[in-house]
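J.: Chains as they are written, first to last, in the working numbering: chain A, 1 to 308; chain B, 1001 to 1369.
To be clear, the hints were calculated from the coordinates, so they are not data collected in a lab.
It cannot be assumed that every hint is accurate.
Computed list of lysine to aspartate or glutamate pairs in EDC-like fashion (alpha-carbon distance at most 20 angstroms, straight line) [unchecked claim]: (1) B:Lys1137 to A:Asp204; (2) B:Lys1108 to A:Glu205; (3) B:Lys1160 to A:Asp200; (4) B:Lys1137 to B:Glu1123; (5) B:Lys1108 to B:Glu1123; (6) A:Lys108 to B:Glu1110; (7) B:Lys1137 to A:Asp161; (8) A:Lys142 to B:Glu1061; (9) B:Lys1101 to A:Asp204; (10) B:Lys1101 to A:Glu205; (11) A:Lys108 to B:Glu1123; (12) A:Lys213 to B:Glu1123; (13) A:Lys213 to B:Glu1110; (14) B:Lys1101 to A:Asp220.
If you anchor each label on the Cβ, the simulated ranges turn out as follows [what the hints assert, rightly or not]: (15) B:Glu1081 to A:Leu130: 32 to 40 angstroms; (16) B:Lys1108 to A:Ala97: 24 to 32 angstroms; (17) B:Tyr1315 to A:Arg14: 29 to 37 angstroms; (18) A:Ala254 to B:Lys1108: 49 to 57 angstroms; (19) A:Ser5 to B:Phe1316: 40 to 48 angstroms; (20) B:Arg1117 to A:Met292: 37 to 45 angstroms; (21) A:Ala163 to B:Asp1073: 34 to 42 angstroms; (22) A:Pro101 to B:Asp1126: 22 to 30 angstroms; (23) A:Met292 to B:Asp1200: 49 to 57 angstroms; (24) B:Phe1181 to A:Tyr297: 51 to 59 angstroms; (25) B:Arg1117 to A:Ala135: 38 to 46 angstroms; (26) B:Asp1126 to A:Ile227: 47 to 55 angstroms.
Here's a subset of chain A near chain B, in silico, CB distances under 7 angstroms, partners left out [as the list claims (entries may be wrong)]: (27) Ile78; (28) Val82; (29) Pro201; (30) Thr202; (31) Glu205; (32) Ala206; (33) Asp209; (34) Thr212; (35) Leu223; (36) Pro224; (37) Ser268; (38) Arg271.
Positions of the beta carbon are idealized from the N, C-alpha and C atoms, including for glycine.
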Amino acid sequence: MASESRLYRWFNRRGWSDIVLAAPYVWLLVFFLIPFLIVVGMSVATRTPTAPPFGYGGENPLLNFEGYHRLFTDDLYIRAFVTSLVNAAVAMVLCLAIGYPMALGLTKVDTGWRNILLMLVILPFWTSFLLRVYAWMGLMGKNSWFNNLLTGGWNWLVPQDWAVTSIPMMYSNFAVVLVMVYTYLPFMILPLYANLERLDPTLDEAAMDLGTKPFGVFWDVTLPQSIPGIIAGGMLVFIPAAGELVIPTLVGDASSPMIGRVISDEFSQARDWPMASAVAVVLLVLMVGPTMLYSHYQARAVGADDPK
Amino acid sequence: MPKDAAPPPLIRVENVSKSFGTFQAVKNVSLTIDKGEIFALLGGSGCGKTTLLRMLAGFEETTGGKIFIDGQDMTGVPPWERPVHMMFQSYALFPHMTVEKNVGYGLKHEPMTAAQRQDRVREMLDLVQLTPFATRKPHQISGGQRQRVALARALARQPKLLLLDEPLAALDKKLREHTQFELMSIQERTGVTFIVVTHDQEEAMTLADRIAVMDRGEVKQIGPPGDVYEFPNSRFVAGFIGSITALEAVVEAIDGVRTRLAVPALGGPVQARSVAGLSVGQTVTVAIRPEKLAISRAPQTGDNVFEGEVKDLAYFGKDSLYRITMPSGALISVHAVNARRSAEGERVVDWYDKVWLSFDPTSAIILTA
Ligand SMILES: Nc1ncnc2c1ncn2[C@@H]1O[C@H](COP(=O)(O)OP(=O)(O)OP(=O)(O)O)[C@@H](O)[C@H]1O
Ligand SMILES: [Mg+2]
Chain A
1 MASESRLYRW FNRRGWSDIV LAAPYVWLLV FFLIPFLIVV GMSVATRTPT
51 APPFGYGGEN PLLNFEGYHR LFTDDLYIRA FVTSLVNAAV AMVLCLAIGY
101 PMALGLTKVD TGWRNILLML VILPFWTSFL LRVYAWMGLM GKNSWFNNLL
151 TGGWNWLVPQ DWAVTSIPMM YSNFAVVLVM VYTYLPFMIL PLYANLERLD
201 PTLDEAAMDL GTKPFGVFWD VTLPQSIPGI IAGGMLVFIP AAGELVIPTL
251 VGDASSPMIG RVISDEFSQA RDWPMASAVA VVLLVLMVGP TMLYSHYQAR
301 AVGADDPK
Chain B
1001 MPKDAAPPPL IRVENVSKSF GTFQAVKNVS LTIDKGEIFA LLGGSGCGKT
1051 TLLRMLAGFE ETTGGKIFID GQDMTGVPPW ERPVHMMFQS YALFPHMTVE
1101 KNVGYGLKHE PMTAAQRQDR VREMLDLVQL TPFATRKPHQ ISGGQRQRVA
1151 LARALARQPK LLLLDEPLAA LDKKLREHTQ FELMSIQERT GVTFIVVTHD
1201 QEEAMTLADR IAVMDRGEVK QIGPPGDVYE FPNSRFVAGF IGSITALEAV
1251 VEAIDGVRTR LAVPALGGPV QARSVAGLSV GQTVTVAIRP EKLAISRAPQ
1301 TGDNVFEGEV KDLAYFGKDS LYRITMPSGA LISVHAVNAR RSAEGERVVD
1351 WYDKVWLSFD PTSAIILTA
């Protein structure tokens, strides 16, 4: 009885707040850190013909870094990383270029329209992602109306001897970036919109009042205040785009695969789990770097709250 | 042309109106403001003060009438080209810039060297006593300091006209009183014309050279604080500025400067100063301010003397507020300074005392509107 009431008292004092505070850490531990450690463990194992196809020790050193070694020497992996990062970066920049004006426009229309337009931004998610990629494959194909339209436009613009019968779009990095931009655009628009919508419109008026023309107001007032939104949107596009598997598999150039494809192939085709794990670990480190930078930057911005 | 003709007014607002859809926020407002004046726009919430200010700053187009600043028609002139700066009610400081950058923001459009710009910023920070806070961000300073940053920012480019929308509303009472005088001294030193919006009549009286009292989009009266207080031209203005007892009356006789009114609430005739355009038999309002009434326990005789009973009193030390019930049942407020210290045992006016009220004929205001 005594111990029960002690427990009860402890709970009342700090139990609930501790549990609530701990929840996200438990979540991260169970669903991120432990799986990640398993992958790290696998990445230093040795490939075996057993099931599961890896083990430790035997003729090989207990910790086998061969995967990492191959990764930095075999240019297949390096090329895949470069392709992934470049494709993701291009997709991110294009999403920003298209998404920023859209997000800004959303904040300018009145609320009735705004809700409809926001709905339209999210609407594509109601259709299966795979279906939408297949639709793009149809559009980009040699005899589609879309391709014919672009071909017609091209032939009309350029001199006769540059004319083509169709534009080769499929199975290229162009196709990958195009479909990624299409797929990830909402992930850019939504955080940007949330950021821009919070900005105080009287700041724009104050800048105009002090002699700045509307474009200058955007540059001086809106853009600097939307940097957190740009960073958030950029990461939400860049990180999944860099690890993207389905889009490059379906519309990409098989001769220069992206890193997601490499991981998948190592796992299922080559059954080289340690190699696949090593690639995954390096990819994660590459992705975590910018994330840490971002939170560092944010912490600094918040830390600026207390005057020094 | 007379030799000492007054200089043309800096601001001329001619029959300006503003409608939002079918709602008229500002109705046919005309006023002129001279260079170097502090002009207050006073009125209740939603009466169109901010809208009028925003039309002066160029954020709203007028739907009728014209605004001239320094003789120049402002129709179609965008905010960034007007020689007018505004201090916003919320201050609207740029959160991502330091105090210094905020103050210097408008100067980047001036043909100045970087050094000149820096000097000007320093001068402004000095003026509002914020030099030690130059490198802070707006969220790192207090509300009163933010208000001063906003003022310095608006003054940095030396506007011809500064618009202040409820500049002191966000400050607590003590800071507000202090800042009122600071604003006046800054205005004096810079010579910039100020238009101050406020719904606080005391603030308007303290700050302004002239006041425009607004009601539902219309300007009811314009004049120096003393005029607006002592010679209100309507029931609205009389009631809005200071407190007043307004009673219904009928004109009985007009005799030059005196008009005799029948005031049923007081139970007798009232002698008041005549105003133009009265006719015998006309129904008017007679209004009298509480501090213009004398209260006495000793019986009085003569004109404008009325008997009543103390229903309520509030003692504030230096003065007292009484509510007197008249035989008709009407309640009259009296505000009296406690000029004499009551000797021991001597009775001052107390609850349920019979008292005599009296006032000078010039203190009774006849209102026809
Ligand atoms: N953009 C707008 N659209 C429609 N109505 C408006 C708009 N701006 C102001 N109004 C209306 O015009 C009237 C005057 O508004 P204004 O902001 O000028 O009042 P105010 O005198 O400044 O009041 P307060 O003392 O509360 O600030 C109000 O009834 C307001 O609802
Ligand atoms: Mg207002």
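J.: Enumerate the violated hints, using their earlier numbering and listing them in ascending order.
T.: 3, 6, 7, 8, 11, 12, 15, 17, 19, 21, 22, 24, 25, 26, 27, 28, 29, 35, 37 and 38
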